[in-house]
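Colleague: The sequence shown maps to residues 1 to 596 in this note's numbering.
Some hints could be false.
To be verified - Cβ pair distances, simulated, as ranges: (1) 351 - 315: 32 to 38 Å; (2) 214 - 54: 40 to 46 Å; (3) 103 - 75: 41 to 47 Å.
Read the hints as simulated data drawn from the structure, not as lab findings. The C-beta atom is built at its ideal place from N, Cα and C for all residues, glycine as well.
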Amino acid sequence: MKFKIVLVFILFSGYVRAQNVNIIPQPKSVVNGTGQFTFSNHSTVGVNDASLLPIARYFQKQVSLSAGFMLAVDNKDAGSVIHLLLTNGDPTAGAYSLKIVANEITISSSNRDGVFYGMISLLQMIKDQPRGETISLASLTIADTPRYQWRGLMLDESRHFFGMEKVKQILDWMAYYKLNKFHWHLTDAQGWRLEIKKYPKLTLIGGIGNYSDSIADPQYYTQTQIKEIIAYAAERFITVIPEIDMPGHATAANKAYPQFSGGSVEGYPNFTFNPAIDSTYQFLGNIIKETSTLFPSKMIHLGGDEVALGVKAWSLNPSIAGFMQKNNFADVGELERYFFKRVADTAINAGNKVLAWDEATGTNLPADKTIIFWWRQNLPGQLHLAVQKGYQVVLCPRLPMYFDFVQDADHISGRRWKGVYNTVGSVYGFPERQMQNNEDLQSKQIIGVQANVWTEMIGSEKRLDFMLFPRIAGLAEAGWTAPELKDEEAFNNRLKASIKIYDAANIYYFNPFDKFFHDEAIDFGPKIRKMERPADQNIEDEGYRPRRRHGKSSKRTSHSSKHSSSSKHSSSKKSSSSKKSSSSGKSKKSSHKKRK
Numbered sequence: 001m002k003f004k005i006v007l008v009f010i011l012f013s014g015y016v017r018a019q020n021v022n023i024i025p026q027p028k029s030v031v032n033g034t035g036q037f038t039f040s041n042h043s044t045v046g047v048n049d050a051s052l053l054p055i056a057r058y059f060q061k062q063v064s065l066s067a068g069f070m071l072a073v074d075n076k077d078a079g080s081v082i083h084l085l086l087t088n089g090d091p092t093a094g095a096y097s098l099k100i101v102a103n104e105i106t107i108s109s110s111n112r113d114g115v116f117y118g119m120i121s122l123l124q125m126i127k128d129q130p131r132g133e134t135i136s137l138a139s140l141t142i143a144d145t146p147r148y149q150w151r152g153l154m155l156d157e158s159r160h161f162f163g164m165e166k167v168k169q170i171l172d173w174m175a176y177y178k179l180n181k182f183h184w185h186l187t188d189a190q191g192w193r194l195e196i197k198k199y200p201k202l203t204l205i206g207g208i209g210n211y212s213d214s215i216a217d218p219q220y221y222t223q224t225q226i227k228e229i230i231a232y233a234a235e236r237f238i239t240v241i242p243e244i245d246m247p248g249h250a251t252a253a254n255k256a257y258p259q260f261s262g263g264s265v266e267g268y269p270n271f272t273f274n275p276a277i278d279s280t281y282q283f284l285g286n287i288i289k290e291t292s293t294l295f296p297s298k299m300i301h302l303g304g305d306e307v308a309l310g311v312k313a314w315s316l317n318p319s320i321a322g323f324m325q326k327n328n329f330a331d332v333g334e335l336e337r338y339f340f341k342r343v344a345d346t347a348i349n350a351g352n353k354v355l356a357w358d359e360a361t362g363t364n365l366p367a368d369k370t371i372i373f374w375w376r377q378n379l380p381g382q383l384h385l386a387v388q389k390g391y392q393v394v395l396c397p398r399l400p401m402y403f404d405f406v407q408d409a410d411h412i413s414g415r416r417w418k419g420v421y422n423t424v425g426s427v428y429g430f431p432e433r434q435m436q437n438n439e440d441l442q443s444k445q446i447i448g449v450q451a452n453v454w455t456e457m458i459g460s461e462k463r464l465d466f467m468l469f470p471r472i473a474g475l476a477e478a479g480w481t482a483p484e485l486k487d488e489e490a491f492n493n494r495l496k497a498s499i500k501i502y503d504a505a506n507i508y509y510f511n512p513f514d515k516f517f518h519d520e521a522i523d524f525g526p527k528i529r530k531m532e533r534p535a536d537q538n539i540e541d542e543g544y545r546p547r548r549r550h551g552k553s554s555k556r557t558s559h560s561s562k563h564s565s566s567s568k569h570s571s572s573k574k575s576s577s578s579k580k581s582s583s584s585g586k587s588k589k590s591s592h593k594k595r596k
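Please model the entire structure based on the sequences and the hints provided.
Modeller: And the structure:
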């Protein structure tokens, strides 16, 4: 069946300001037309197929929040001013066309996600207009298609837990920027955040503590909460992918069930699972199967990174050494690959694709069931090997896609790589700017890009926002916009429009056009570092004037809604983000120290 979305609005004879299409990510083609249209709460949105009603209602809600009036939604075609039609156009998932003429707007696509993204582009244009009883837009035609099918964001909630309300807010912004994969890092050394009913101690004991407070009350998501977040993401055409890290980064799980520990080394207690006993694989197999049932994505990220930090304990364990000898394993690296192949087979047999960090490239995994996440930009050979072996690859290198890195030379809390940090411009320019001489970039096996938000030094929503915004806008362009269309000056102009939306949503962001606008948000160490503007700097010379400076943090809502859901499981008496570090800014040892 074909559907069509047509938004018909009241012709407005007044003045319309010059059309600036401040859409992020940049559409593939924008052609200006003649004329204009105006819509108000007299306009009706109707559909002729129930499957598109959620998109219409989402649009209705967003317009109400941003413009202040309520469009009507009709579940039938006759008499309505909105009609839905899937066309035989560009078959690419997410591709759409958006046409604004004097008396209507038409959004068409060959798939529902394309209709959704066309609606998002329209919504961004609406948000760029002043609030009023009506909104007028100039005529234009947009033809758009995404560069990559994987446009991802990873959030680490093991190191610090943020809860449902914040995750939903992040999903709202992902939808606003047409990001479509939410990689959820739910287990690591500091905490296990995913309820597994077969093994309740994983959360009751393994959920205790976080990176800054090892005895903080347990915090985790119940399976009911997980399902709510998955459904919330699905409404925004976002797929949720869980990560259960193994065989390393397993301290929290081993704290709950020590019989599966592979032993300890200095600085990394109980860091790995024991690869030499069948009960380990039964334990992890049950976890994988229960997780697979919970997440409809049919993708599970099994980690596989930094195992070398803890494998010395394997060498010192007589039973593990005996297992290696029995199976003719030459070294612990071969044992590691044996372990990962065995758990990957379990995940695949449960109907999943296996996702893994680039250390797993050396494991013999089925190419059609494996996605490798290339994170070590200093090891391009890992990317080349993954491509050679036929794996699909997501690009997420530390430079520039780690959002725990600082984004300005004057920032003091966060990481650098040999002095290099990650600006919004470096994210926007990825991957061509950083990989222009890498032939593997042209491979069709590169399916997308992803930014990773590791949270060792992010313990509050305020700092999380500061590290995420506006780099999330650069991420959107890296994932969607074709390289030949990139123009950083034009992007910066569109980004300034986005920053106004951040202000309206009370987001505590970093302003790259005026780095003195907000003080650096610091959770651990000095509470805040005030940055004084040089006396000879006048930011008005750059054509941008902020509305406020050194804004205080306030209770934030998403740009689309407030959420009433509990931000943590009821067993948690206080939020980990309220905990203060006792380290006075000193680095802590942890099992992720080298990666994060």
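Colleague: If a hint holds in the structure, say so; if it doesn't, say that too.
Modeller: Evaluation of the provided hints:
A C-beta distance of roughly 36 Å is found between residue 351 and residue 315, which places it inside the suggested range of 32 to 38 Å. Between residue 214 and residue 54, the C-beta spacing of about 43 Å keeps the proposed range 40 to 46 Å intact. The hint said 41 to 47 Å for the Cβ distance between residue 103 and residue 75, and at roughly 23 Å that hint is violated.
Checked against the numbered hints listed earlier, the structure breaks hint 3 alone; every other hint is satisfied.
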